[in-house]
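Colleague: As you go down the protein sequences, you meet chains A and B in turn. The opening position of the first sequence corresponds to residue 1 in our numbering, with each subsequent residue numbered one higher. The opening position of the second sequence corresponds to residue 437 in our numbering, with each subsequent residue numbered one higher.
Note that these hints are calculated values from the structure, not bench results. Remember, predicted model here, so these are calculated numbers, not experimental data. The beta-carbon is built from N, C-alpha and C at its ideal position, and this holds for glycine as well. Among the clues, some could well be false.
Said to hold, decoys possible - Footprint (simulated), chain A over chain B, 3 or more residues, beta carbon under 8 Å: (1) 455–463; (2) 466–478; (3) 565–573.
What the hints assert, rightly or not - With a cut-off of at most 25 Å between alpha-carbon atoms, the simulated SDA-like pairs for lysine to any residue come out as follows: (4) A:Lys391 x B:Arg567; (5) B:Lys470 x A:Gly315; (6) B:Lys470 x A:Asp13.
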Amino acid sequence: MMYPTKLLKGGIDPPSVTTVPPGSAIVNAALPSRALIPLLQHAGAPARCLVKPGDLVREGMIIGRAEGLRSAHVHASIPGVVREVRPFTLPTGESCEAVTIELGGSFETSGKPTVRRAWDGLHRADLLQKIRAAGVVGLGGESLPTHLKLAADAGRAVSLLAANGLDCEPSLSVDAALLRQKPAEIVEGLRICQSLLSPRRTVLALGDHSEELVGEFERLIDRCGMTAEVLVLPARYPQGHEQLVASAISGTPPGADPTVTVLNVATLLAVFDAVVLERPLIERVMTVTGSTLSRPQNLKVRLGARVGDLLEECGGQPATQKVVMGGPMRGVSVQSLDLPVTKGTLGILALGASEARAPAELPCIRCGACIEACPWGLAPTRLFKLVRIGKATAAFREGLSRCTECGCCSYVCPSRIPLSSILGQGKLRHSREATR
Amino acid sequence: MSAPPPVPPADAPRPSSAPRPGVAPHLRVAMSSKRMTWLAAASLVPALGLGVALYGVPALMVTGASLLCALAAELATTLPWRRFTLADGSAALTGLIIGLVLPAGAPLYVPAAASAFGILVIKQSFGGLGRNWMNPAMGGVVFATLSWPGAASWSIAPLGWPAGAALTPLQALRAALSMPGSHQATPLAVLEKAGYSFSGLDSGVVGWINTHLLSPAGLALRQGTLDVFIGHVPGAIGASAPLLALGAAYLLHRRVIRWQLPVIYLGSFVVLSLVFGGLASGQGWSAGGPGFHLLSGNLVLAAFYAAPDPVTSPLTGTGKWILGVVLGALTFLLRYFGSLGDGAAAAIVLGNCLTPLLDLWTFRRPEAASRGAA
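Bound-form chain A, shown alone (with noise of 0.2 Å):
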């Protein structure tokens, strides 16, 4: 296979916790009787709260209103009655409002025959109107409303639009699952957010995991008659990080070219479903796995269904010693498996005994393998050094304001020490000292 020369720097090979197959189906998960639906789900500000306990709510109904420029609609993932409206901590450590809907009364777009509505005439206008309405947001884990991304002023011009579907973690295969099994509504999203954008190029990539779909894609691009080439980039972690797709791609280095637009396939797939479904974003796919449990698969799940009922429907251990939601190198951790999942849940872990145990921290041997490893060049080990002793802005000289804490730099330390959490928190007392 030839590969684009541009390829990421450094990057891990992990042993993944146990994978899911990404020939296996998406499985439908069990509607969650009660849906704990946060208000803040994107970048921006928490939506505005428009309902009150006692509403009656109909699947799809907005029940958060974007505010402000980087927020997004958040509506209600199932039919049924506002129990209980209330301040939320989210385990990022945000705050926001969330809301309780308790299942009842009828579905109304869920198991009823889809209408498919013709796009072509719409106006560039309509269309955003109409991802916006349906609350998309990125969901390969930034979170960043769709309608922002696609919304170029007239004066740019868009160098490069490439759909990303390479799952940006180990581990995690929901886009490799939904590339063999949605790859009609991939292609028609990226049509539309190609005539959004009209980019010199449009690429669409694959991950080495998804290389024998290459003529299936390069068919289904010819018979609808657009412009769009499929390449295959290798699945080492973090090559599906957005600026290092568009650098292997277009050549430049990651981050050079600001009118380079990438979407992630399960993205095109909500902007497909909010334009031609007309749909809004109640439910995504995410993985399930992790060793102790018994069925580990690729599940779609209502937004707002609970942890712990996934984890159970995957067969659930009570050996679990550790829940992440995320993938095995950015997730969180989360102590409570009473927490929803939201539009940016790719994934939840369920790890046992000796993957929890963390792993006492010793000095640093100057090893150098992390500098090795970091897709972005720096070296973590001096910065880290830098942080710790409160030298922060010394360290952004370095270079600290490109890690992207991929984890990288951590995973491969052999003193097991935190870097990529430490450098994370050195960006954050740097951005709060330049604030000040």
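Following the hints, position chain B against chain A.
Modeller: Coordinates of chain B only, in the frame set by chain A:
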């Protein structure tokens, strides 16, 4: 903080078996620095075993003294602060290397002082593991060699050699080359002419190979080939290059050490010896005997166990290449032109001084740094 301690919702009922917290990433490589150190120590056991077999109790005494003294020094500098660092293996490895580098005939204060100096002055006074800028084992050995040049090189004859004190082949070579008219094509030829005798095992095996295998082809091995090759000569306790290389091969396989520094180090030493080695003693070009010098002294041990010590070697690949060449050149100069020791330990110590500069010179800051915070 970007990865704050996850706060469970205040009112969420916490299950009795709440999952444990932890910062991302939630996967780690299996190899820890602790395991790397202990593997390095374990891979030295074959060489130590041969040393003990050849020298008996004196070898045990010397290695025991260096090991115990290293452990005691580490304890003395950590226990008062309620820390316990022996488990990281670093002190044990230092003590073991010092023991293997010294001859079995050395009085016990030599290994004890070398270990104490290495741990107390070189390592702990700079802040302990990871903060020292010089390899503690090599620094300790150089300290002892400079303090007691005679005592630190008192070699005794190994099993199979005439009993009593003995010169190492390297010392004998140095003495012979200082006599006028002793110049021969190779070090072993010089030794033979100077009347240096090897073990009975060597003469038997080499004689048999010469008569049965090589004489039809008109070839002959020199006396001492076998002894020098397997390290069956007076000298350091851990002098067996093949056994050391075996341990190093295991470490390379487990990626405890990387090939770059040792290979460049030994490679540049061999090239320099081959080209310029003979000039040192007036034997002319290409008469340096790189094979003999590679296998003698502590070169192999230093190349695989001291040079790639991550704490004291450069972080960058370029830095490692440069240091490798510098170490090869320094060892060559000290070995052929120096008068003390075998040159390897002193070369490592001098090379370590360059490491901070090499890091400074060879580390390329990422492009964004010059553009300022993005």
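Colleague: Establish whether the coverage given for the region 466–478 of chain B by chain A is satisfied; the threshold is a Cβ-Cβ distance below 8 Å, and no fewer than three residues must meet it.
Modeller: holds (count 6)
Colleague: Taking beta carbons only, do three or more residues of the region 565–573 of chain B come closer than 8 Å to chain A?
Modeller: holds (count 3)
Colleague: Does Arg567 (chain B) lie within 25 Å of Lys391 (chain A) when you go C-alpha to C-alpha?
Modeller: Satisfied, since the Cα-Cα distance of roughly 18 Å is no more than 25 Å.
Colleague: Has the given pair, Lys470 (chain B) with Gly315 (chain A), been kept, meaning a C-alpha gap of at most 25 Å?
Modeller: It is violated: about 36 Å lies between the C-alpha atoms, which goes past 25 Å.
Colleague: Okay, the region 455–463 of chain B and chain A, do three or more residues pass the C-beta test at under 8 Å?
Modeller: holds (count 9)
Colleague: Between the alpha carbons of Lys470 (chain B) and Asp13 (chain A), is the straight-line distance 25 Å or under?
Modeller: holds, 22 Å
When held up to the earlier numbered hints, the structure conflicts with hint 5 and nothing else.
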